[in-house]
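Take the given structure of chain C and dock chain L with the ligand to it, following the hints.
Chains as they are written, first to last, in the numbering used here: chain C, 358 to 1020; chain L, 56 to 459.
Since the hints were derived computationally from the structure, they do not count as laboratory data.
Be a bit skeptical, because a hint or two may be false.
Stated by the list, open to error - Residues on chain L that point at chain C, a partial pick, calculated with CB under 8 Å: (1) Ser92; (2) Gly96; (3) Val210.
Claimed, not checked - Lysine to any residue pairs mimicking SDA-like chemistry, simulated, CA-CA at most 25 Å apart: (4) L:Lys430 to C:Asn829; (5) C:Lys852 to L:His393; (6) C:Lys852 to L:Tyr97; (7) C:Lys784 to C:Glu884; (8) L:Lys73 to C:Asn761; (9) C:Lys852 to L:Glu100; (10) L:Lys78 to C:Glu884; (11) C:Lys852 to L:Lys430; (12) C:Lys801 to C:Gln816; (13) C:Lys852 to L:Lys73; (14) C:Lys852 to L:Leu180; (15) C:Lys852 to L:Asp400; (16) L:Lys192 to L:Tyr97; (17) L:Lys78 to C:Asp795; (18) L:Lys78 to C:Val706; (19) C:Lys852 to L:Leu275.
Unchecked claim - If you want the ones that stay clear, here's a sample from chain L, every Cβ over 12 Å from chain C, calculated: (20) Gln63; (21) Lys78; (22) Gln85; (23) Cys133; (24) Val208.
Note that this is a predicted model, so its numbers are computed, not measured.
Ideal Cβ placement from N, Cα and C applies to all residues, glycine included.
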Amino acid sequence: MKHDETLRIGVYVCHCGTNIAGVLDVEALAHFAEGLPHVALARHYKYMCSDPGQELVKRDILEYNLNRIVVAACSPNLHEPTFRRAAEDAGLNRFLVQMANIREQVAWVTDDSTEAFTKAQAHLAAAIRRVAGHEALERQFVQIQPRAMVVGGGIAGIEAALTLAEAGKDVILVEREPTIGGHMAMFDKTFPTLDCAACILTPKMTAVKLHPFIKLLTYSTVESVEGSVGNYRVKVRRKPRYIDESLCVGCMMCIDGCVFTQAKFPNPFDQGLGKRKPVWIPFPQAVPPVPVVDPEVCLQIARGKCKQGCVTACGERNAFRFDQEEQIEEYTVGTIIVATGFKAFDPSVIPYYGYGRYPNVYTSLEVERLLNAGGPTAGKLTLRDGSTPKRVGIVHCVGSRDANFHPYCSRVCCMYSLKLAHLVKEKTGAEVFNCYIDVRAPGKSFEEFFNRVQDEGTQFIRGKVADITPANGDGAEGGGLIMNVDDTLLGTIRKIPVDMVILAVALEPQADASDVRRAFGISCSAEGFFLEKHPKLAPVNTANDGVFLAGACQGAKDIPDTVAQADAAAAKALALMDAGQIELEPNTAWVDEEMCSGCQTCISLCPFKAIRHDAERKIAVIDPALCKGCGTCVAACPSGAAKQHIFGDEQISEELEGLMNYV
Amino acid sequence: MSTAMDRQGVELLERLGKSGEGKSPQGCMQCGLCAASCPLGYAMEFPPRKLILQAESGNLEKVLASPSLWMCIGCYTCSLRCPRDIELTDGLWPALRDQSLQAGIQPPAELQETFQNLFKYGNNLGKSPRQRLDWAKDLDVRVLDLSKEPRPVDVLWLVGCYPSYYPRNQVVTRAFARILTELGVTWGVLGAKEKAVGECERMFGEEGLFETLVEENRKLLDKCEFQTLLTLDPHAFRALQKFYPQHGAWYPVKHYTTFLHERMEQLKPLVLKPVKATVTYHDNCCVGRRCESFDPPRELLGLIPGVELVEMERNRENSLCCGGGGGGMWLDAHIVAHGGHRLSDERIRQAAATGADTLAVSCPYELSRFEDAAKVTSLEGKLRVRDIIELLAESMDLGERNVS
Ligand SMILES: Cc1cc2nc3c(=O)[nH]c(=O)nc-3n(C[C@H](O)[C@H](O)[C@H](O)COP(=O)(O)OP(=O)(O)OC[C@H]3O[C@@H](n4cnc5c(N)ncnc54)[C@H](O)[C@@H]3O)c2cc1C
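Here chain C stands alone, though its shape is the one from the complex (with noise of 0.2 Å):
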């Protein structure tokens, strides 16, 4: 160990009220370390991170001149900010400090006091021998970019840009469709109040198209992210509509002039139960209000050979352009707000509901588009051969609570599934059953609307079901279902004859949940969703800085839960952008240039891409901003050039050193 007379280490041993001194005798602890080498003051106190906590320490530096300090609590964490800034307002530089972590990594992890004063020594003895290797650093910040990028543009990304452009940012919202609304917008009325879901999105997608502020991209993807937090550089992939933006009015005097005069090709947005021609608009209050054109099965693309009735009605506003191509357009950031939403289960994997096999099958999204005014019966709910039904059953938890498919539970379908009970019993009057395994309604007045529709006559049936098989013959169109259930409550299995079944399917993660979590160095649960930083108290934020989560892409959620979480993601990336520049931190790798051979073994390992290769002095560079102190440049530098702040050799093996005598 370096013998520095100059060294003088106060060391701070925290009660954390009992969380610690329940387990440790602090008091032993405190003079354990009175003993240790450069060690002029040891002190325990109760809680070392209240305001008289940190004065302690403050008026200690000043009054006996210490030079270094260690406080032995809990994770860094949580409390390593707190005494760096305690020691800079006594006028120590802030990174002279060093944490011991005896709570999480002692008291709480054994009962055994007398292993764990042992354990407790081996901490501090080499947080002790580690601090006095720490020199002084300069803080070092990046300027945070006041634009930020929303991925995404169901209810969750429109609300989070919205907040963010009346907060005065500039926004780019990036939605992969070729209308913003995302899944919202197909519904025909919400729960648990039945708003008609159009009445309260249209005005913001309006708002989104209107403000100043948003820049919006439609039918466009993310193709790749570089940077990083406060100068994040993504590239966007634009497809090609084949109709100029600018120019188009949005009349949709095209979709009537089509040569197509029937429309013949599955709407994806009624989830193909109708029909458009080759240039189509998802719905009628779509944003932008512009057209798309299909280029597989639009005859002048794909065959270069129609009388394009779609150019001839456009007129002198002259929109259409057959000859667009992809186009990639970078964008620099300073904050990203994720907002890609959720993809509803296939039931088709499931082969006892028969959903794809009889056609009175249907699925809850399908349902949605049935009962909406705006759907391909034009809100009328019908069988498929056009009747109405008079028997409807519910299936809860198709795709959920299944380990063979999603053990998890998706949140709203139980809701949802009222809902489609209240409005088929509405607009049919029919007989409907729900089969539930429990009915959950914890949200604000969910109870309620569960009780209103029990009112209405839903009748509940108590089991998952079993089999979904036709009355008679195949189950082709006009012939009944049969539901096959053991209502577990009566005790007894009933096969209860419908003529149209409802499959409340699960709430999953985009198909492509991998790739964009790949694009935005975040990570995903074990479900698949995107993985929040801290479940309880950091919600909205990822592992990496300044990219943000909000609505269904991060787990299953209503709509009043995705707005709630779109602001508080609007919130976080707003007070970076405000504060305008952000910390990083101290650790991060540097190279000795007169060591460097330039051999450039790191550049390809970095994980960051935070290392180039000046060719003009042949040496690596590392840009600080990027690095995220990994290490693994350092580890893999044959020349021992590249070195790492706070992390240096001599400090981490000192830092053994001092674990290793008591072990």
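Chain L with the ligand only, in chain C's frame:
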């Protein structure tokens, strides 16, 4: 007040939870998917859901004494569908039956007889071991009895009890012997030494008897040198593939559909004679639903010129069991007496509804079950029940002269 028996139910569930076989039954959420999926659930006093509920609530006694304990025919539908991934078929049912036997409760008389047969003769049918090779009498290909002439072979064929003794099955057995020979593999059988594999015994809860059989078979098999252990019986296949290794007895076992499927290229030029038939294939539960081998049998049938394949409404993992597994072979009367029905009768009607003239099977139990069912449902003469082997053999001109 809780009695010892009260605790026993919970303890049994706890034990199963730790067995590594599926997830803990204590995680059951009483959704009832098992009960309604079970083809006999409607008739059971205690379908799987209630077995767990009752065992947990201190009513194990009731469960152990219920006739419904002997109504599971081991079709695996509940196990595969269970949203909590609880191993009902291979775990819960055998454990409860085992407990019931240990508690001294008499199983249905038919079962007791088969246990005794197995104990005395090494097969459930009560036949003499000396007649094991009767099927091979006057056969036009050589059958190597490895118990008499030990030597290394490509294939050790465990012929199985039904295929050895039942006249209807012997036709299939002989055809398969010819196909094996035609394929040029060297193969042998164990002759009079062969014993039942014991899958049913395990399902019956006769764990002790099963273990004895594993031991005896292991001694026999370890003496032989072979590349593949072959069986016509999906139940034997399942036991050898899954349960034997749990007792340290692992063998490279294959069901014949897989074995032949691997030799499709070799079969192609041999399958020449058209067999005019509209065929629907019945997926057996062990190789099908449980081991998810759905395509190989269909592709084998597809090889045969003239065969037109049609599917039943319930097929592949959604197939309906013939009712013969899990001891069902001997329990028809018990099941019917307690409000159930013979699943083979229901299944053959489903087969007939396709318009097929042939019901193809790949399990030795199914031939007799479906042929009986055809009689009961007046489908005899309209729907022929044939093993895939018979259809292949006919097309390869290796069939029984007096049969096809
Ligand atoms: C049948 C059904 C009925 C429902 N009914 C109700 C109800 O009545 N009330 C209620 O509160 N909730 C309801 N919900 C839940 C509701 O749909 C969600 O809460 C809400 O849609 C979540 O919004 P979102 O913006 O997070 O996701 P989404 O609505 O899924 O929007 C995500 C958007 O991101 C876009 N996107 C996806 N990937 C990319 C990418 N890689 N790049 C660019 N853009 C991308 C998508 O195209 C989409 O526009 C229902 C859900 C279902 C399935």
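A quick look at each hint next to the structure:
no.: 1; hint: Ser92; in the structure: holds, 4 Å
no.: 2; hint: Gly96; in the structure: holds, 6 Å
no.: 3; hint: Val210; in the structure: violated, 34 Å
no.: 4; hint: L:Lys430 to C:Asn829; in the structure: holds, 24 Å
no.: 5; hint: C:Lys852 to L:His393; in the structure: holds, 20 Å
no.: 6; hint: C:Lys852 to L:Tyr97; in the structure: holds, 10 Å
no.: 7; hint: C:Lys784 to C:Glu884; in the structure: violated, 36 Å
no.: 8; hint: L:Lys73 to C:Asn761; in the structure: holds, 20 Å
no.: 9; hint: C:Lys852 to L:Glu100; in the structure: holds, 18 Å
no.: 10; hint: L:Lys78 to C:Glu884; in the structure: holds, 18 Å
no.: 11; hint: C:Lys852 to L:Lys430; in the structure: violated, 29 Å
no.: 12; hint: C:Lys801 to C:Gln816; in the structure: holds, 23 Å
no.: 13; hint: C:Lys852 to L:Lys73; in the structure: violated, 36 Å
no.: 14; hint: C:Lys852 to L:Leu180; in the structure: violated, 39 Å
no.: 15; hint: C:Lys852 to L:Asp400; in the structure: holds, 20 Å
no.: 16; hint: L:Lys192 to L:Tyr97; in the structure: violated, 46 Å
no.: 17; hint: L:Lys78 to C:Asp795; in the structure: holds, 21 Å
no.: 18; hint: L:Lys78 to C:Val706; in the structure: holds, 22 Å
no.: 19; hint: C:Lys852 to L:Leu275; in the structure: violated, 51 Å
no.: 20; hint: Gln63; in the structure: holds, 23 Å
no.: 21; hint: Lys78; in the structure: violated, 7 Å
no.: 22; hint: Gln85; in the structure: violated, 6 Å
no.: 23; hint: Cys133; in the structure: violated, 9 Å
no.: 24; hint: Val208; in the structure: holds, 40 Å
Consistency note: the structure conflicts with the earlier hints numbered 3, 7, 11, 13, 14, 16, 19, 21, 22, 23.
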